[in-house]
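Chemist: Fit chain Y to the given chain X structure using the hints.
Those sequence lines, one after another, are chains X and Y.
Each step along the first sequence adds one to the number in the working numbering, with nothing skipped, and position 45 is 45.
Each step along the second sequence adds one to the number in the working numbering, with nothing skipped, and position 179 is 179.
Chain Y side only, calculated, beta carbon under 7 Å to chain X, not exhaustive: (1) Ala18; (2) Asp30; (3) Thr182.
Covered stretches of chain Y (chain X as the covering partner; in silico rule of three or more C-beta atoms under 8 Å from a C-beta of chain X): (4) 22-29; (5) 99-105; (6) 110-123; (7) 138-152.
If the Cβ cut is set under 8 Å, some of the chain Y residues that face chain X in the computed set are: (8) Ala5; (9) Val7; (10) Ala17; (11) Val19; (12) Tyr91; (13) Lys158; (14) Gln159; (15) Leu183.
These are computed hints drawn from the structure, not numbers from a lab.
Using N, Cα and C, we set each Cβ at its ideal position, and we do this for glycine too.
There are 2 protein chains.
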Amino acid sequence: MTRIAYVNGRYVPHGQAAVHVEDRGYQFSDGVYEVIAVHRGRLVDEHGHLDRLERSLGELRIAPPMTRRALRVVIGEVVRRNRLGHDGMIYLQVTRGVAPRDHAFPDAADSALVVTARRLPPFDAAAATGVDVITIPDIRWERRDIKSISLLPNVLGKQQAQDAGAYEAWMVDGEGQVTEGTLSNAWIVTAEGELVTRHADRAILSGITRRAVLELARGEGIGFVERPFTVDEAKAAREAFLTGTTVLVKPVLHIDGQAVGDGRAGPLTGKLAAFYAAHMKTQGESP
Amino acid sequence: MTRIAYVNGRYVPHGQAAVHVEDRGYQFSDGVYEVIAVHRGRLVDEHGHLDRLERSLGELRIAPPMTRRALRVVIGEVVRRNRLGHDGMIYLQVTRGVAPRDHAFPDAADSALVVTARRLPPFDAAAATGVDVITIPDIRWERRDIKSISLLPNVLGKQQAQDAGAYEAWMVDGEGQVTEGTLSNAWIVTAEGELVTRHADRAILSGITRRAVLELARGEGIGFVERPFTVDEAKAAREAFLTGTTVLVKPVLHIDGQAVGDGRAGPLTGKLAAFYAAHMKTQGESP
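One chain only, chain X, in its complex shape (with noise of 0.2 Å):
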């Protein structure tokens, strides 16, 4: 079947889906998007992605294109119309619209809108699969908080792991601590079993996976700490792990190299992997 795309009011064929060239996500990477899971015909957390688009833009000052409730019904179409019964992902991107090139906000242009659809195999197979993580110098600018597609850093340093047959980046700030890694967020479970990963703010991505996995430890009363922790204290942890919309809740079993714990899924991630996997299942129509 066709895959159909949404561009600025019109859903077209996949392939015809196309921008200007003076579209300022283009040209000046001047916009933001959003991931959202599609499970068993779902959206996972659908609230949470949009509350934080409307975050993004707002602080990259870029008008939203339309209405929460009709980029919803957009939303909504194209999963129709790329029948995503199943898994998959929406991808969704606003930028700051087509005008002639001025690094300055243009005085009139309308922000445009892009969401695509795509199937991905069932996400209850792949959760399990334990994956390596290498560090890297994390070298992107200092607004991380923002889902930007100034993506070019993140795009480095996912090749980079790929060079090194990883599968994630860890970044590192100027004080050793791991920031997060290329497309995911990044916890350990330490020596002393204290479930940590890093704080929000400026320096990470606030993850809807990452959230949506701090409230269900804590409804059931496993106890974490959102702090830094440094490249020595996850090598030395027990258990590591990714969160991310699309790697769900992911075992990492080397860091660098080195086994993390006894080099197996540790029993934690595992719970907490089941816990989100529940979690997805429930998913409703939200109000």
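Modeler: Coordinates of chain Y only, in the frame set by chain X:
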């Protein structure tokens, strides 16, 4: 007349110049660009720009979309089709091409090339106008030597300048030293009469106009030093100016509202502007 753009092998009317939404330039800012001034119908420092383009591509491991010889033919054709017989600019952008969204480099994607043209008011008239700058923290990533389209912080900085009634924002590093402007390099003539601009490492873009002005100064026996300078030093300077492909050599009259020298364009700035104007006029067909 209709403006013509070159997009991936075709010359099309500017309004129809489009790229796919999965061009990695649009989703990841995974690309680089150059702006080349056209003066009296001739490209200014074409080879300097194409050398830097090749360096940027190499740093990002993006394959050149074509040979330099072929690229020069395309650029020349865009100049011709847009009848840029007087002053204007060529904008060219290369991205890693179109591929299903995934941070890591795609296995098979052809680099994308877009070349557009724009007419500008005569450079001669604009050159002498002085401008004001503000200073802001430099929040960009650490590879500013690569002329990438990951320009969101530059956009925000330029807008901040405009909001403050200034033309440009000078970005300041953690040591209180000016790196560069959002779209130009920064220069001062110190209280002691020393011509200073920051040395070109990963902290700034190695400007083509910056290098031309350094060479012109050298040729005229004007001493200079390439080193960082602080905001305080700039505010106490006799003269200050910007250099850039389309800003040329532009006097800075105020920094954060404080007059530089007597608040008028300085004599050394005027000399260098005149040398650069002459340099622009002597551009010919390069080998």
